[in-house]
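Peer 1: For reference, the chains in residue letters:
Number of protein chains: 2
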Amino acid sequence: MELNETEISSKQIFSGRIVDLSVRTVELPNGETATREIVKHQPAAGVIAINDQKQMLLVKQWREPIKAVTLEIPAGLIDETDVSPLDAMKRELNEEGGYKAEYWEEVSKFYSSVGFSDELMYLFYCDTLTKVQDKRPLDEDEFLEAEWYSLADLKKLLAEGKIVDAKTVLAIIFWENMLLTGDKD
Amino acid sequence: MELNETEISSKQIFSGRIVDLSVRTVELPNGETATREIVKHQPAAGVIAINDQKQMLLVKQWREPIKAVTLEIPAGLIDETDVSPLDAMKRELNEEGGYKAEYWEEVSKFYSSVGFSDELMYLFYCDTLTKVQDKRPLDEDEFLEAEWYSLADLKKLLAEGKIVDAKTVLAIIFWENMLLTGDKD
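Same order as they appear, the protein sequences are chains A and B.
All residue numbers for the first sequence refer to the UniProt record's numbering, where the first residue is 1 and numbers rise by one.
All residue numbers for the second sequence refer to the UniProt record's numbering, where the first residue is 1 and numbers rise by one.
I should point out that these hints are in silico values taken from the structure, not numbers from a laboratory.
A portion of the hints provided could be inaccurate.
Heads up, simulated DSSO-like pairs for lysine-lysine below, C-alpha to C-alpha not over 27 Å straight-line [stated by the list, open to error]:
no., chain 1, residue 1, chain 2, residue 2
1, A, 162, B, 40
2, A, 11, B, 135
3, A, 60, A, 11
One-sided excerpt, in silico: chain B residues whose CB lies under 8 Å from chain A [as the list claims (entries may be wrong)]:
no., residue
4, 13
5, 26
6, 34
7, 103
8, 173
Cβ atoms here follow ideal geometry from the backbone N, Cα and C, with glycine treated the same way.
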């Protein structure tokens with residue numbers, strides 16, 4: 001079956017600091033037309049950062065879209081000055097946690113919500129963490145606290161519905177999977 | 001540390017069929033102000049649907065935000081007529097796959113991208129699937145194909161970067177963990 005849609009026209013509604021919004025008219029596979037509301041967003045990177053006590057680093061921060069404090073893996077936008085997604089992630093781990101790591105790998109790469117947005121997230125894993133001497137400051141509008149959690153704690157928080165951020169749920173399940181399959185010890 | 005932000009004002013930029021966009025001015029914990037771009041989106045539901053051959057149901061569809069055909073778990077928006085997220089999910093499984101299921105559980109609940117959006121996703125698991133006699137039609141602007149994949153196939157597709165939708169990556173890793181821990185056989 002033909003599934004592709006073809007863009008006929010696009011109207012920019014808003015161009016902001018974080019998101020751009022446009023409404024596109026597309027031709028459907030059956031020749032009819034439809035509109036698609038599309039939010040453009042910079043790519044981002046997040047990390048499963050594990051210390052020597054087998055704990056994962058999470059940050060607490062206010063999230064205005066849901067008016068709540070969340071627990072999330074360290075993450076941030078990849079900007080034009082970053083050489084690579086990994087480069088951006090190393091900066092964020094320094095800024096948000098005050099750590100650097102020797103061992104890194106890319107775990108996954110996915111679109112956060114592909115129905116309406118093009119936000120791409122790179123998910124990394126790192127361990128062999130050490131405190132940096134030269135911690136970078138947070139962004140001016142960024143306030144957060146870093147905390148460490150064991151897998152048992154995280155599974156409990158998940159079961160209690162206290163972790164509600166998609167990439168963080170994914171990070172925990174990936175880490176458990178690494179331990180279950182013996183990919184990490 | 002105080003982390004909460006306080007809304008000072010909010011300006012609606014766009015109100016569409018799928019998303020609403022507003023720019024909010026907030027007071028930061030240090031008394032300064034900042035703006036937050038916020039995309040409101042209806043809640044959604046997705047499902048890990050497993051058949052008797054231990055295969056997961058995925059649907060292929062065009063996603064205009066990334067101009068590509070994706071492989072995703074069956075999912076859809078929860079609308080005002082739905083009694084519950086599970087009710088919405090049962091409808092989508094019928095529409096997108098032509099199936100119904102006896103056994104259901106809620107696996108997780110998370111915000112897709114909490115930095116800019118309030119989209120909440122309910123993730124379900126079901127098995128004991130049977131074909132429905134009265135398959136509901138797809139939405140008028142919806143074109144998709146349903147396919148079945150074994151866990152081995154899915155792990156291969158993940159490794160090859162051919163599954164790029166966050167909820168689907170999460171669904172696969174959740175399912176593998178259920179099998180590894182003996183929660184499902």
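Peer 1: Next step is simple, just say for each hint if it's right about the structure.
Peer 2: Going through the hints against the structure:
no. : hint          : result
1   : A:162 to B:40 : holds, 21 Å
2   : A:11 to B:135 : violated, 36 Å
3   : A:60 to A:11  : violated, 37 Å
4   : 13            : holds, 5 Å
5   : 26            : holds, 6 Å
6   : 34            : holds, 4 Å
7   : 103           : violated, 20 Å
8   : 173           : holds, 5 Å
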